[in-house]
Amino acid sequence: MTAVPVNQFVHPALFYSGLDDYLAGTVPFIQDGLTGGEPVAVAVPGPNLRVLREALGPDAERVRMLDMTRVGANPGRIIPGVLRAFADTHPDTHVRIIGEPIWAGRTSVEYPACAQHEALINHAFAGRNVTILCPYDTAGLDAQIITDARATHPLLIDTTGSHPSDHYDPESIIAGYNQPLPPPASAAEFPVDRATLTELRRFATAEARRLGLPEDRLADLELAVTELATNTVEHGGGTGLLRIWPDDGHVICELTDQGQITDPLAGRRPPDHTNPRGRGLLLVNYLADLVRMHTSRTGTSLRIHLRLPSPA
Amino acid sequence: MAYPRVAEVAVGPVRVTPLAGDEFAGLRVTGEIDLVSHGMWERALRGALAGWTGDVHLDLTGLRFIDAGGTTLLIQVAISSAGGQRFVLHDPPPCLRRVLKLLWPDVTAVVIEGGAP
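Chains A and B are the protein sequences, given in the same order.
Residue 273 in the numbering used here is what sits at position 273 of the first sequence, and the numbering runs on without skipping anything.
Residue 67 in the numbering used here is what sits at position 67 of the second sequence, and the numbering runs on without skipping anything.
Honestly, the hints are just simulated from the structure, not real lab data.
Since the structure is predicted, the reported quantities are computational estimates derived from the model, not experimental observations.
For each residue, glycine too, the CB sits at the ideal point set by N, CA and C.
Be careful, since some hints might not be right.
Claimed, not checked - Under 10 Å between C-beta atoms, here's a sample of chain B residues computed to sit facing chain A:
hint: 1; residue: E32
hint: 2; residue: T72
hint: 3; residue: G83
hint: 4; residue: R98
The task is simple: from the sequences and hints, build the whole structure.
Laid out in structure tokens, this is it:
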């Protein structure tokens, strides 16, 4: 593997097939960092985390290890809550992170958010002294996912070495996966309006409770729906529509309004203690199991998914 | 806890009652805080800080809900206190604890009586 240049942002995709490729592409990266005294974090799916822990032996103690299926289930929270949460605590040194946000079990509803997340890493870390290595399982993932990885990563690494990507075009991914969301067959509805925010909360909580969402998640839903409704009132034209329905083991809440979200990193910036305002969308990213969005000049739809408990 | 009541401010579903005593000052808050009551909430918090030199206590037993903006205002006002005054929260609702934990875990200007959840 070629030496990693420092003092610039490096974002390679690691294409691997099988365990040997995976370890060959990740373990030296980790060990080079440890040898150089650099902070190293690994956020990958549980099974891969176990494999790495075993391969690293006692060195694993010196690596921040996170299960990406838990900390990054909602791709929207990965940049603020995983990547920046680690990198920002080490601002004066080169930081190494392995982030694997896409695995074979990701659904077709989750995937667009995953691809946009990968594209947005380039925005979020521009100019930072950080290397974020993203493994992609070429044996287990669809060809389209690998093609998209060539668009979201300026550098590609495989068994033949590392090469710049000829297809690097993160904007095409951000725009391309900004898709209209398929409407539900039916849904409970309530208007969003400054004068009826309390009633909206009651409605949303009652409906989600009826659908089987447990009490602790109902509190999260109430917070998240309130943030989305507040954004609609303050930035989205003042009025909108809430819809709630169940699908595929989740409660889905959708807020539609006439505003447009033009900030690509909306909801992905960690809180700023010097300016503690405007973190509603960040909170939504932390509370929900998945956030999907479609935004255009004619309006915005934001959907939050909260997982229902499995039937006993 | 028993506090002498001084005056009541009622705006919409939120009621904020200033408290005063020899050893402490603060507010008793009942109802729900969201966008519509943010302005009143911020004024009440700033007013409580201005009228006292030590930590300000907030009795939140009757606060049913507070949105992220409301909790953020609490943080913002606390951080801006020139005298280093803190807000001491009594019996905050789960949504407030959640937002503190997720967005402001290291802020020391707001403390929950009895320690972190």
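Verification of the hints:
{"no.": "1", "hint": "E32", "in the structure": "holds (6 Å)"}
{"no.": "2", "hint": "T72", "in the structure": "holds (5 Å)"}
{"no.": "3", "hint": "G83", "in the structure": "violated (19 Å)"}
{"no.": "4", "hint": "R98", "in the structure": "holds (7 Å)"}
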